[in-house]
Structures are given as structure tokens and as C-alpha cells.
Amino acid sequence: MIGYGLAAIGPGIGIGLIFAAYINGVARQPEAQGRLQTIAILGFALAEALAIIGIALAFVLN
Amino acid sequence: MSSVATSVTRAEGFKPPSPGDFNLPPIGPDKTFEWLGETHYLGVTKPMIQLVLVAGIVFIFFWAASRKRAMVPSRLQYVGEQGYGFVRNSMGRDIIGSQDFLKYTPYLFALFFFILINNFLGSIPFFQFPTFSRSGLVYSLALMSWIIYNAVGIKKHGFGGYMKLMCVPSGVSPVMYPLLVPLEFMSNILVRPVTLALRLFANMFAGHMLLILFALGGQYLIFEMAGAYSVVGVVAWLLFILISFLELLIQFLQAYVFVLLNAMYIQGSLADEH
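These protein sequences, in sequence, are chains A and B.
Heads up: the first sequence runs through residues 1 to 62, numbered per the working numbering.
Heads up: the second sequence runs through residues 1001 to 1274, numbered per the working numbering.
Honestly, the hints are just simulated from the structure, not real lab data.
Any given hint might turn out to be false.
What the hints assert, rightly or not - Label pairs and their computed distance ranges (CB to CB): (1) B:M1144 with A:L42: 13 to 23 Å; (2) A:M1 with B:R1069: 45 to 55 Å; (3) A:L46 with B:K1103: 37 to 47 Å; (4) B:P1073 with A:L61: 51 to 61 Å; (5) A:A27 with B:G1043: 46 to 56 Å; (6) A:L42 with B:L1179: 20 to 30 Å; (7) B:V1234 with A:G12: 21 to 31 Å; (8) B:P1029 with A:I9: 39 to 49 Å.
Claimed, not checked - Which chain B residues face chain A? A few, computed with CB under 8 Å, are given here: (9) V1191; (10) V1257; (11) L1261.
C-beta atoms are modelled at their ideal positions from N, C-alpha and C, and glycine is treated no differently.
Build out the structure end to end from the sequences listed, making use of the hints.
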């Protein structure tokens, strides 16, 4: 479980960066929101996959 | 549940909730059978009943909402139309594209409301068990989505063309292919359904576990411990209420993300070579 906590740090930072960039992008160009949202959610899903693999391993290795 | 937990805590101190709490016993008579050297239960459990119930609720609601098809919508029809419009426009049209989104909207629509109501059952009194905190039920949803987006892509591009679309990244020099093609295959064909299922499962599971922990821990601190500990127990219960609202948000968000990713995968399968 401590290992999972450590494993969640990376995706946490990554998801933060992705949405920071998304908010920046929308603030600069509001009409691009539709396209940016797709990319942001896709990036969020990819980054979160790492955290999910972490929690799965935490249960498997328990 | 709570009375059982209290009697346990009195006997042997506080026992934190564990993943075993999610293994609900079958309703009715217990029957077991042996398969592959392990004992399995044969019977109907609460999540199974919830699945069927939610399918019925969603069907009846939208059947009632769309029965009259009045030009000036009644309240019920308005709610139904808003729900349908939300899925159709924000997930279907914006992601899949305005050419062939209508073909896939029924699937996305049914999937979204099925998952949404199932998630909300985690917060509705009496049920209070998010159906998809049992991983087996989510795997079937992910398998269905996996079959659909692969079938759509294979139908459009043929098997070879689809594999090329999924595995060979464009705009990269062929020198990098030995490294990138297995990676792309892994991420697009193998990891996608796994993460799709595990994301929904893990969010529902972890959220509900957190709620149980705060509820039981607060109860133990208030009723079993003396002095300043019971004050901490009140704080735990306050947090429990706040986290319940966070759970409502997450329950919606996970249904949204699941369907949005489905739409994106379908769109990726339909896409022409870029």
C-alpha cells in the first residue's frame, strides 16, 4: 500500500500538468475547447493508467 | 451491517474495512461447486440484482419519457431529451464526428445511463453498494467495448489496414518501427480494455472503501472510545459527509470518462490514415 502511494505520485503530477496545460489553452483560445478537451481527456486517461496499474499490483501482491 | 461491525469491534478492537467486505454472500440458499480446483459460489448476489434492476429503471424511464413524443415536451420528456442530447452532442457528435456518430449514439447512450445509475446506487440509501466495485461486472462492459471498437475498425479498414492503423504510427522514420510498433500494439489493443475496466472498478471500489472507513471509524471513535477521541469521531463523520459529495461527483465523472473513452476509441478506429 505504501508502494501504491509512491506509485500514485507520478500520475498525480502528470494529471496536474495535463489539466494545467488544458486550462491554459482554453484561456488563450476559448474556441479550441472541443478539440483540446479530447486531447486532455486522452492524456489524462493514459497518465491515470499508470496509477491504475499500481493499484491493481497493490492488490495482486498483497 | 453496522450492528455486526459494532459487535465485532467490541470484541477485538477496531477492525478496518478490507476488500473482503465487498464479497457479499449470495442471496438465498448457498450452493457451491468445484471448478479448476477451487470452490465457487452458485447463486445471485446483490450487485447482480442491481445490474438487472438498473437496466429496468433506465429502460422504463426513457420509454416513459419518449412515449408521447410531444412537440411541446412535458417535464418528463424534457429531462429525457436533455439526457439524450447530452450524450449525443458532447460525446457522439463532438468526438466521433458529425458524419457517422448517429450509428454509435444508441450504444454510448445506453452505456452512459447504465453506468451512471449503477454508480449512483453507491450513494442511494438501502442499496449503498456501487455495482461496479465488483471487478467482474466491469470486465464484461470493457470486453463489449473492446469488441465493438475493434469490429468497427476491422469492418472499415479490413484486418490488415486496421492493424496498420493501430500499430504503425505515422510520421515516424521506419528506423523506430521495431521499438514503436510493439508499444503501439500493447497500448492500443491490450492495455486499453484493461485500463477501461480497472479505472471504473478502482474508482468505485476505492471511493466506497473510503466511505466505509470514515463511517465505521467515526462510529467506533464516538461510541467505543472516551474523551477527546469522540470529538475526533465527530470530525470523521463530518468528513464522511463531505466525501459523500465528492463520491457523487466521481460517480458521474467515471461514467462520463468511460463513455467518452469509448467514443474516442471508436473514433480512432474509424479515422482515416493520418
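Which hint numbers doesn't this structure obey?
3
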